[in-house]
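The residues making up each chain are set out below.
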Amino acid sequence: MERLTREGLRALREEQARVLRREDGAAAAAELVVGMATCGIAAGAQATREALAAEIERNHVKGVRIRQTGCMGLCHAEPTVEVMVEGMPTVVYGRVDAETARRIVLQHIIGRQLLDDRVYDKPAADLVPGAGPSGE
Amino acid sequence: MGYRTFILVCGGEACEGGGSAALVEALTREVREQGLEDVAQVVKAGCFGFCGQGPVVKVLPDESVYVKVQPWDVADIVAQHVRDGRPVERLLCDRSRNRERTRVEVPDYYQKQFRIVLRNCGVIDPESIDEYIAREGYAALDRALFDLDPEGIIDELRRSGLRGRGGAGFPTWQKWVFTRNAPGDEKYVICNADEGDPGAYMDRSTLEGDPHSILEAMAIAGRATGAARGFIYIRAEYPLAIRRLEMAIEQARARGLLGRDILGSGFDFDIEIRLGAGAFVCGEETALIASIEGKRGMPIPRPPFPAVRGLWGRPTVINNVETLANIPVILLKGGDWFASIGTKDSTGTKVFALTGKVNNSGLIEVPMGTTLREIVTDIGGGIPGGRAFKAVQTGGPSGGVIPADFLDTPIEYASLQELGSIMGSVGMIVMDEEDCMVDVNKFYLEFAVDESCGKCAPCRVGGRTMTNVLDRIARGAGQESDIDQLREIGHAMQKASLCGLGQTAPNPVLSTLRYFREEYNAHVFDRRCPSRKCRDLVVFYILPEKCIGCGLCARRCPVHCIEGERRKVHVIDQAQCIKCGECYTACKFDAVSQK
Chain A
15 MERLTREGLR
25 ALREEQARVL
35 RREDGAAAAA
45 ELVVGMATCG
55 IAAGAQATRE
65 ALAAEIERNH
75 VKGVRIRQTG
85 CMGLCHAEPT
95 VEVMVEGMPT
105 VVYGRVDAET
115 ARRIVLQHII
125 GRQLLDDRVY
135 DKPAADLVPG
145 AGPSGE
Chain B
1102 MGYRTFILVC
1112 GGEACEGGGS
1122 AALVEALTRE
1132 VREQGLEDVA
1142 QVVKAGCFGF
1152 CGQGPVVKVL
1162 PDESVYVKVQ
1172 PWDVADIVAQ
1182 HVRDGRPVER
1192 LLCDRSRNRE
1202 RTRVEVPDYY
1212 QKQFRIVLRN
1222 CGVIDPESID
1232 EYIAREGYAA
1242 LDRALFDLDP
1252 EGIIDELRRS
1262 GLRGRGGAGF
1272 PTWQKWVFTR
1282 NAPGDEKYVI
1292 CNADEGDPGA
1302 YMDRSTLEGD
1312 PHSILEAMAI
1322 AGRATGAARG
1332 FIYIRAEYPL
1342 AIRRLEMAIE
1352 QARARGLLGR
1362 DILGSGFDFD
1372 IEIRLGAGAF
1382 VCGEETALIA
1392 SIEGKRGMPI
1402 PRPPFPAVRG
1412 LWGRPTVINN
1422 VETLANIPVI
1432 LLKGGDWFAS
1442 IGTKDSTGTK
1452 VFALTGKVNN
1462 SGLIEVPMGT
1472 TLREIVTDIG
1482 GGIPGGRAFK
1492 AVQTGGPSGG
1502 VIPADFLDTP
1512 IEYASLQELG
1522 SIMGSVGMIV
1532 MDEEDCMVDV
1542 NKFYLEFAVD
1552 ESCGKCAPCR
1562 VGGRTMTNVL
1572 DRIARGAGQE
1582 SDIDQLREIG
1592 HAMQKASLCG
1602 LGQTAPNPVL
1612 STLRYFREEY
1622 NAHVFDRRCP
1632 SRKCRDLVVF
1642 YILPEKCIGC
1652 GLCARRCPVH
1662 CIEGERRKVH
1672 VIDQAQCIKC
1682 GECYTACKFD
1692 AVSQK
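First to last, the sequence lines map onto chains A and B.
The working numbering puts the first sequence at residues 15 to 150.
The working numbering puts the second sequence at residues 1102 to 1696.
Mixed in with the good hints, there may be bad ones.
From chain A, some residues computed to sit far from chain B (all C-beta separations above 10 Å) [what the hints assert, rightly or not]:
1) Arg-17
2) Ala-67
3) Val-75
4) Gly-87
5) Asp-130
6) Ala-138
Cβ-to-Cβ under 7 Å is the rule here; a few derived chain A residues that face chain B [to be verified]:
7) Ala-25
8) Arg-27
9) Gln-30
10) His-74
11) Val-78
12) Ile-80
13) Gln-82
14) Thr-83
15) Cys-89
16) His-90
17) Met-98
18) Asp-135
Don't read these hints as lab results, they were simulated from the structure.
Bear in mind the structure is a predicted one, so any value in this text is a computation, not a measurement.
Ideal placement from N, C-alpha and C gives every residue a C-beta, glycine not left out.
Just chain A, same shape as in the assembly:
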């Protein structure tokens, strides 16, 4: 990493905002964001993440990016995974164990259907407009 100047910081922000909004050239068609704070990890987020990656590979699904993030605040429903797929509404799944993770890949990403009994609500609107991964 190189040291930034004021101008460099601003240029980097624009570039990275495009990546986060999935508007860069290498944009993935789908993005899975796993909550990996202490609460999520304690509830099994590591296994969830591995199951997602394994199922994506097993089904040869292309263009899926898995990211980690901190606590979304849904402690009662950890582990949580936010799923963004082109042409589908962005949703947050809660109580995602390894089995549910496999169903997310098969039913949501490939089958383009929502999973029953697992969708939760994002707790609040995004304060940073235009810079969120959902591109609000």
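Fit chain B to the given chain A structure using the hints.
Relative to the frame of chain A, chain B by itself:
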């Protein structure tokens, strides 16, 4: 190709009670009957909050939220919304109430929560500085270095009305001014991340989810107060938060956002981490400073305040994690923007760790002025099993309880203090009818006694004596004078203790004496624990006229102390009984009673 519309029906406890399962069926049937089964999918979802207005139905992708949906509304939702693409206006939830507390421009939203401190938690990868930068990260530092002078930064903070989120609620801008004006060429910035209250994890989550926001805020504090070095004091029992902070500091240094000549501005600022061993008293600022200096973590009398004589005798500004996390947003959006959120004297938002007897436990952030009822029922999803709400504990071992009568009190610094609690950097623990106030207070007081450093007598002796009295009451050996004694010692500790730990340790007891006096009386005069928690006071026995001799209680009893022949009255052997209450919950004929 594929579904175009998704109909989500809330599956929370309150909505299920209101018939949400039938709604799922009715919607599925209606979608099929109108020939839209290839267009719309009906799904049962988790709790959406607003349980007072259930059943709730949300339609994606346009995020329309329908409240109080009844079976006869189903046809309209499917025909109007799914088929014709026009939301059913009469069922839409009212979003205007949220605006009363947040008079700022944000995307249209319907939730009770509003996230400033937690803006990046659950959004960015905390281990990536680039993702932080992408979401306006370090833009506030940019502004603080090039567009504002120190007075300008402090003025923005003054207009924001931001007050410390750690406990006392002191105006943050004043702390910064005192440190700035204190004579001396070497000054320090400290981030107090010594979060130790039982049930509190807001600071840990903030640091784990968005570590750069704290680094950025500390650098801004350095610029405003004239400090070039910062310390984060964090407990060693937060390993993930520490690792992510370390990574963040490394990345910020590599990017030239910490260290010498930040962004080419000529301003130097660097941050080091200091690990605490987990002593609760080290959350008190003078004890924290002593701990960083390598001394025993014991408080010293103030004044002089750390702003004048702090770390190594130099002027030091100490802010808590949550306070700092607000600062980059204040500099970017302006103090006036921040001040328009919340109430007049308590601006902005507050993060709570909502735990205890509540369906949706979680980390929440709400505008100041939100009522406890909204938090417990709308965000928390109510109390499991339909049991009755009893009280909310806020402020942990330094706070107090707020009973059901005050559920509609808006949460502000002043209102909480009036009720005998504090804002504090703490959790919010919901208690129901099964929680005993004497028992809960024994826990908090024992915590404070364990964590007392022992330097001053009021805290050391007073805390121990109060615990002994409470213990006596819980054992059924209480005397009439005990309640007065608790009050007397409590007031003495509040007045005479050296630091905040001892001054606030009696708060839980004093506040419950105020609101739940009859519960103490039941323990002392009737030798009875109304919530059946104080084991020594509970006697379980079987009512012969009701017992049918089914034997269920005997099978459930873990110590096999219930005897009786089949179809004959059973008897509990009181000498063996461990008072677990299994028989009481097991009996289907109300034949097990307790006194």
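Structure-based check of each hint:
1. Consistency note on Arg-17 of chain A: stated as away from chain B, yet its beta-carbon is not over 10 Å from all of that chain's, at 3 Å minimum.
2. The claim that Ala-67 of chain A lies off the interface holds: its Cβ sits roughly 16 Å from the closest Cβ of chain B, which is beyond the 10 Å cut-off.
3. Remark: the non-interface label on Val-75 of chain A is consistent with the geometry, its nearest Cβ contact in chain B lying 16 Å away (cut-off 10 Å).
4. Against the 10 Å criterion, Gly-87 of chain A falls within the reach of chain B, whose nearest CB is about 4 Å from its own CB.
5. The claim that Asp-130 of chain A is not at the interface with chain B is violated, since a C-beta of that chain comes within 10 Å of its own (minimum 5 Å).
6. With a closest Cβ-Cβ approach of about 4 Å to chain B, Ala-138 of chain A is found to fall inside the 10 Å limit, against its non-interface label.
7. Below 7 Å, beta-carbon pairs count as interface contacts, and Ala-25 of chain A has none with chain B, the closest being about 10 Å; its hint is therefore violated.
8. Interface hint at Arg-27 of chain A: satisfied, since its Cβ lies 5 Å from the closest Cβ of chain B, which is below the 7 Å cut-off.
9. With a least beta-carbon distance of about 4 Å to chain B, the hint placing Gln-30 of chain A at the interface is held under the 7 Å criterion.
10. Taking 7 Å as the C-beta contact cut-off toward chain B, the hint placing His-74 of chain A at the interface is violated, the least distance being around 20 Å.
11. Residue-level restraint check for Val-78 of chain A is violated (minimum Cβ-Cβ distance to chain B is 16 Å; threshold 7 Å).
12. The interface hint given for Ile-80 of chain A is violated, since its Cβ lies 11 Å from the closest Cβ of chain B, which is over the 7 Å cut-off.
13. Below 7 Å, beta-carbon pairs count as interface contacts, and Gln-82 of chain A has one with chain B at about 5 Å; its hint therefore holds.
14. The interface hint given for Thr-83 of chain A holds, since its Cβ lies 5 Å from the closest Cβ of chain B, which is under the 7 Å cut-off.
15. Because the beta carbon of Cys-89 of chain A sits about 4 Å from the nearest beta carbon in chain B, less than 7 Å, this interface hint is met.
16. The restraint placing His-90 of chain A at the interface with chain B holds, with a minimum CB-CB distance near 5 Å, inside the 7 Å limit.
17. Nearest Cβ of chain B to the Cβ of Met-98 of chain A: about 12 Å, over the 7 Å cut. The hint is violated.
18. Hint on Asp-135 of chain A holds. Least Cβ distance to chain B is approximately 5 Å, under the 7 Å limit.
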